[in-house]
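Protein chains: 2
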Amino acid sequence: MEFLDIYKKSEIYDIERIVEMFNNNEITDGAEFKIKGALHRIKDMGGFSFVNVRSSKLVFQCVWEEGYSKCDLSDFSVEECVYIDGVIVTEERSRLGFDVRIKDMVRISGRAAAPLPVEVGNDKKIDRLNLHTMLDNRVLTIRNPKVRAMLRITDGVMFAFRDFLRKEGFTEFVAPKFVEAGAEGGADMFKVDYFGKKAYLNQSPQMYKQFMVGSVVKAYTVSPVFRAEKYSTNRHINEFQGLDLEMGFIESFYDLMSLEARMFKHIFNILNEEYAPELEMFLGEGAKLPNIEQFPVIRFDEAKKMYAEAHSGGIGKQALKEPDLSPDEEKWLGEYAKKYYDSPVIFVTHYPSVKRPFYTMDDPENPKYTLSYDMLLNGMEASTGGQRIHDYETQVEKMQKRGMDISDFEDYLTMHKYGMPPHGGLGLGLERIVQNILGIPNIKLATAFPRDRDRLRP
Amino acid sequence: MEFLDIYKKSEIYDIERIVEMFNNNEITDGAEFKIKGALHRIKDMGGFSFVNVRSSKLVFQCVWEEGYSKCDLSDFSVEECVYIDGVIVTEERSRLGFDVRIKDMVRISGRAAAPLPVEVGNDKKIDRLNLHTMLDNRVLTIRNPKVRAMLRITDGVMFAFRDFLRKEGFTEFVAPKFVEAGAEGGADMFKVDYFGKKAYLNQSPQMYKQFMVGSVVKAYTVSPVFRAEKYSTNRHINEFQGLDLEMGFIESFYDLMSLEARMFKHIFNILNEEYAPELEMFLGEGAKLPNIEQFPVIRFDEAKKMYAEAHSGGIGKQALKEPDLSPDEEKWLGEYAKKYYDSPVIFVTHYPSVKRPFYTMDDPENPKYTLSYDMLLNGMEASTGGQRIHDYETQVEKMQKRGMDISDFEDYLTMHKYGMPPHGGLGLGLERIVQNILGIPNIKLATAFPRDRDRLRP
Numbered sequence: 072m073e074f075l076d077i078y079k080k081s082e083i084y085d086i087e088r089i090v091e092m093f094n095n096n097e098i099t100d101g102a103e104f105k106i107k108g109a110l111h112r113i114k115d116m117g118g119f120s121f122v123n124v125r126s127s128k129l130v131f132q133c134v135w136e137e138g139y140s141k142c143d144l145s146d147f148s149v150e151e152c153v154y155i156d157g158v159i160v161t162e163e164r165s166r167l168g169f170d171v172r173i174k175d176m177v178r179i180s181g182r183a184a185a186p187l188p189v190e191v192g193n194d195k196k197i198d199r200l201n202l203h204t205m206l207d208n209r210v211l212t213i214r215n216p217k218v219r220a221m222l223r224i225t226d227g228v229m230f231a232f233r234d235f236l237r238k239e240g241f242t243e244f245v246a247p248k249f250v251e252a253g254a255e256g257g258a259d260m261f262k263v264d265y266f267g268k269k270a271y272l273n274q275s276p277q278m279y280k281q282f283m284v285g286s287v288v289k290a291y292t293v294s295p296v297f298r299a300e301k302y303s304t305n306r307h308i309n310e311f312q313g314l315d316l317e318m319g320f321i322e323s324f325y326d327l328m329s330l331e332a333r334m335f336k337h338i339f340n341i342l343n344e345e346y347a348p349e350l351e352m353f354l355g356e357g358a359k360l361p362n363i364e365q366f367p368v369i370r371f372d373e374a375k376k377m378y379a380e381a382h383s384g385g386i387g388k389q390a391l392k393e394p395d396l397s398p399d400e401e402k403w404l405g406e407y408a409k410k411y412y413d414s415p416v417i418f419v420t421h422y423p424s425v426k427r428p429f430y431t432m433d434d435p436e437n438p439k440y441t442l443s444y445d446m447l448l449n450g451m452e453a454s455t456g457g458q459r460i461h462d463y464e465t466q467v468e469k470m471q472k473r474g475m476d477i478s479d480f481e482d483y484l485t486m487h488k489y490g491m492p493p494h495g496g497l498g499l500g501l502e503r504i505v506q507n508i509l510g511i512p513n514i515k516l517a518t519a520f521p522r523d524r525d526r527l528r529p
Numbered sequence: 072m073e074f075l076d077i078y079k080k081s082e083i084y085d086i087e088r089i090v091e092m093f094n095n096n097e098i099t100d101g102a103e104f105k106i107k108g109a110l111h112r113i114k115d116m117g118g119f120s121f122v123n124v125r126s127s128k129l130v131f132q133c134v135w136e137e138g139y140s141k142c143d144l145s146d147f148s149v150e151e152c153v154y155i156d157g158v159i160v161t162e163e164r165s166r167l168g169f170d171v172r173i174k175d176m177v178r179i180s181g182r183a184a185a186p187l188p189v190e191v192g193n194d195k196k197i198d199r200l201n202l203h204t205m206l207d208n209r210v211l212t213i214r215n216p217k218v219r220a221m222l223r224i225t226d227g228v229m230f231a232f233r234d235f236l237r238k239e240g241f242t243e244f245v246a247p248k249f250v251e252a253g254a255e256g257g258a259d260m261f262k263v264d265y266f267g268k269k270a271y272l273n274q275s276p277q278m279y280k281q282f283m284v285g286s287v288v289k290a291y292t293v294s295p296v297f298r299a300e301k302y303s304t305n306r307h308i309n310e311f312q313g314l315d316l317e318m319g320f321i322e323s324f325y326d327l328m329s330l331e332a333r334m335f336k337h338i339f340n341i342l343n344e345e346y347a348p349e350l351e352m353f354l355g356e357g358a359k360l361p362n363i364e365q366f367p368v369i370r371f372d373e374a375k376k377m378y379a380e381a382h383s384g385g386i387g388k389q390a391l392k393e394p395d396l397s398p399d400e401e402k403w404l405g406e407y408a409k410k411y412y413d414s415p416v417i418f419v420t421h422y423p424s425v426k427r428p429f430y431t432m433d434d435p436e437n438p439k440y441t442l443s444y445d446m447l448l449n450g451m452e453a454s455t456g457g458q459r460i461h462d463y464e465t466q467v468e469k470m471q472k473r474g475m476d477i478s479d480f481e482d483y484l485t486m487h488k489y490g491m492p493p494h495g496g497l498g499l500g501l502e503r504i505v506q507n508i509l510g511i512p513n514i515k516l517a518t519a520f521p522r523d524r525d526r527l528r529p
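For the record, the sequence lines run as chains A and B.
Going by the working numbering, the residue at position 304 of the first sequence is 375; the numbering climbs one at a time, nothing skipped.
Going by the working numbering, the residue at position 66 of the second sequence is 137; the numbering climbs one at a time, nothing skipped.
Worth flagging that the hints you see were computed from the coordinates, not collected in a lab.
A couple of the hints might just be wrong.
Same chains, same names: a pair is fine if it fits in one copy or spans any two.
Stated by the list, open to error - Here are the simulated lysine-lysine pairs, BS3-like style, with alpha carbons at most 25 Å apart:
id, residue 1, residue 2
1, Lys-217, Lys-238
2, Lys-79, Lys-238
3, Lys-238, Lys-174
4, Lys-262, Lys-301
5, Lys-262, Lys-410
6, Lys-336, Lys-195
7, Lys-79, Lys-336
8, Lys-336, Lys-80
9, Lys-238, Lys-426
10, Lys-268, Lys-409
11, Lys-269, Lys-301
12, Lys-269, Lys-392
13, Lys-174, Lys-141
14, Lys-439, Lys-196
15, Lys-388, Lys-114
16, Lys-80, Lys-238
17, Lys-238, Lys-336
18, Lys-426, Lys-392
19, Lys-79, Lys-105
20, Lys-472, Lys-439
21, Lys-174, Lys-105
22, Lys-105, Lys-238
23, Lys-301, Lys-114
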């Protein structure tokens, strides 16, 4: 019988490991390593060439020299993967503080076809690709460092969301995606052929996260959400990643807003501390996400009034009639919060009952409004949250008023029937947050493999 | 403008916070608190009653006393949520070291209907429920502490999986669920009506995690996997949570096994350290998951031979003919590893090529076998992994030999065409791991809301 040597170290180095040693002064000029990576860009300087090599998180500069480097550089193409026998040469002008002088190099991938349909190694050209070319060639464009930085930020937001909630005592759970019927009537739901029967793909883990409050009290889930919406805007995709939480024993829906405010502070901190190079690719050199200190809160009707007063004439009047905030109004509120409170965030509370789902708790002081809110980040809706109805009679009554058939909601109402604490929750769309934080114009560019009405590949 | 006070502390206590203070000697006998929880079980002792109260992670004992407690206990039913004005009374026989003497109690939920369709507070009765009753009443049975312990372990496995990989330099990504066509022919895939066109729910993130190797080199994803398999065994569900990873620049597929071995050590450690009370509910008081020290590795053909030798006659001969391991053979191998190497784990390597997918790398020394493996945990398949083909010509040739139409795989082959490092990966099913670790007989009881051919609710 053979046994695994589970702690065996490789003799082939990641550049990340070398950078760490270099920064800790553990290696000196002239140190030699076998290094792995993908050929990112090759620039012939006549007599020598700059060979940019891509690792999992970096691009580092190697130098091929005629007469010194043993390999024939014309044998290699970009995107091929290699082992490099390299020498560390201190170089102040290099981002990492050193270059790698190539003694020899061997290919460990197959040969790469050339030319590439898109120039992975040319940031400017990749940035300027039209949407369809960018997405049709996604297998390759995700290799570009700036696109990859977006993917790394996505990783960071998911990590920070979970890390924060875990420390707050939350339990992660799995919500099923197949459901019998649409909780909200089946509009905008995808239909599935389920062993000859009809099933739907769930639009939201709402019902399940509320169930979990009865068990673990504080629950969250991160999982795909499917919406058969026909919109095709720069803020819509048909499959997105939902970050959803629900929390029992709240004392008011302000508890949810406070939790979310602290969560965003945590997300921004993690990104600033652990994803600085990736952020800089979008925000500019040295740029950081703000340390948010003030979280202004405004009632929906107040916000409406303020907007109308600032927009005399038709626009203002028209806005007052709508029971929701338009993107323009959100943008204006965002600018207001920025200008007067230096905050990228503003909470808008007490949305009209007609615009909120049947499970939203109405404000006892004025049941035309609800104990719910939206959080605007940089003038765009980033999340929606609120307190839910926990009392059985109250929930049944609200459903009946809306003409819903309560017999369709037997499982849902079981929860209320057998005791539920005051509770509430909130939901975010991962791609919208990434889009918002990085200032990406189209949400389809804020995810690896977007799905819209016309796109099912790659 | 109002501003959120984001660090405001509540005056209503979680029992978890009180336990911490009690253990740190920060509170003394007689300390008073307002405590929140759900009424779990009430036991009338004549003149006084034991009132067990459930919090997010614990059940704690309160005592109601006639003439002392102000509230009328007959006004309350189990599963109602309450605030308790309570006094801490040191009590050595109590699990927590103290009881809570009830001065007064108010209900903060609605009234709970009685009797309950299933007795949430009675562990023995809940444990003995038949499968359908258990699952039909899932909204309530997840409130039972032992069922909840399983949900907490699920949280722990997901956390430990991600925590390990993050520290190993992996990046989490999101794989889309909607796909144009089945990568492996569309068998066992669910069909979706996608805006009038046909789409499928992806069976596996395989293709996408390989794409991600070209970008971040080490990638993982945790997300639902849909399989339209008609089996109805105690090891099958039609929607499960896949824990999938893929890794570039491997030197051999032994790198994957080592990674996985260290990952399982990490998962077991985290569960032992942070989920001990939950583990004990399944494994017995004081029980821990083993500290695995040896990871035996055996070739598939060797394992077959050993089994056949140990089972003279028909069974052994029949086993030799099958190009796969049966559950019986897996069980026998598990017992073998346990007996001779005191290990709950055994890796079986070099599965026959005919039984592995088209992207699996054949063993150059004998292409009838592959550079792939299964990990058996406690005599059951826990994961499948292996090295993938990274060379374009080799991949095309293998697909053509299998009669596959390579024009259906344009996106997939783009990856190989433009340079891929040697790479491989592995996949686990979350529910199977939880089932295996906790010794749960049916996988449908190892998840919150299972889906099978006949079950789409709750």
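Going through the hints against the structure:
In this homomeric assembly, Lys-217 and Lys-238 come within 25 Å of each other (Cα to Cα) only across copies, at 23 Å, whereas the closest approach inside a single copy is 31 Å. Taking the closest pair of Cα atoms, Lys-79 and Lys-238 come within 25 Å of each other only across two copies (17 Å); inside a single copy the shortest separation is 33 Å, beyond that limit. In the homo-oligomer, the alpha carbons of Lys-238 and Lys-174 never lie at most 25 Å apart, since the shortest distance is 49 Å inside one protomer and 32 Å across protomers. For the identical chains of this complex, Lys-262 and Lys-301 are neighbours both inside a copy (15 Å) and across copies (19 Å), given an alpha-carbon limit of 25 Å.
In the homo-oligomer, the alpha carbons of Lys-262 and Lys-410 never lie at most 25 Å apart, since the shortest distance is 46 Å inside one protomer and 51 Å across protomers. Within a single copy, Lys-336 and Lys-195 get their C-alpha atoms no closer than 32 Å, and across copies no closer than 45 Å, so neither meets the 25 Å cut-off. Proximity of Lys-79 to Lys-336 under the C-alpha cut-off of 25 Å is restricted to the inter-copy arrangement: shortest distance 16 Å between copies versus 39 Å within a copy. For the identical chains of this complex, Lys-336 and Lys-80 are inter-copy neighbours only, at 18 Å across copies versus 38 Å inside a copy, given an alpha-carbon limit of 25 Å.
In this homomeric assembly, Lys-238 and Lys-426 never come within 25 Å of each other (Cα to Cα): the closest approach is 33 Å inside a single copy and 44 Å across copies. Taking the shortest Cα distances, Lys-268 and Lys-409 never come within 25 Å of each other, neither inside one copy (52 Å) nor across copies (45 Å). For the identical chains of this complex, Lys-269 and Lys-301 are neighbours both inside a copy (21 Å) and across copies (16 Å), given an alpha-carbon limit of 25 Å. Proximity of Lys-269 to Lys-392 under the C-alpha cut-off of 25 Å is found in neither arrangement, the shortest distances being 40 Å within a copy and 41 Å between copies.
For the homomeric pair Lys-174 and Lys-141, the shortest alpha-carbon distance inside one copy (6 Å) is at most 25 Å, but the shortest distance between copies (85 Å) is not. In the homo-oligomer, the alpha carbons of Lys-439 and Lys-196 never lie at most 25 Å apart, since the shortest distance is 52 Å inside one protomer and 45 Å across protomers. For the homomeric pair Lys-388 and Lys-114, neither the shortest alpha-carbon distance inside one copy (60 Å) nor that between copies (63 Å) is at most 25 Å. When the C-alpha separation of Lys-80 and Lys-238 is checked against a cutoff of 25 Å, the pair qualifies only between copies, where the shortest distance is 16 Å, while the shortest distance within a copy is 33 Å.
Taking the shortest alpha-carbon separations for Lys-238 and Lys-336, both the intra-copy value of 14 Å and the inter-copy value of 23 Å come in at or below 25 Å. In this assembly of identical chains, Lys-426 and Lys-392 lie within 25 Å of each other by CA distance solely inside one copy; the values are 13 Å within and 65 Å between copies. Taking the shortest alpha-carbon separations for Lys-79 and Lys-105, only the intra-copy value of 17 Å comes in at or below 25 Å, while the best inter-copy value is 54 Å. For the identical chains of this complex, Lys-472 and Lys-439 are intra-copy neighbours only, at 13 Å inside a copy versus 67 Å across copies, given an alpha-carbon limit of 25 Å.
Taking CA atoms no more than 25 Å apart as the test, Lys-174 paired with Lys-105 passes inside one copy only; the shortest distance there is 10 Å, against 72 Å between copies. For the homomeric pair Lys-105 and Lys-238, the shortest alpha-carbon distance between copies (23 Å) is at most 25 Å, but the shortest distance inside one copy (41 Å) is not. Taking identical chains as interchangeable, the C-alpha atoms of Lys-301 and Lys-114 are never at most 25 Å apart, the minima being 46 Å within one chain and 56 Å between chains.
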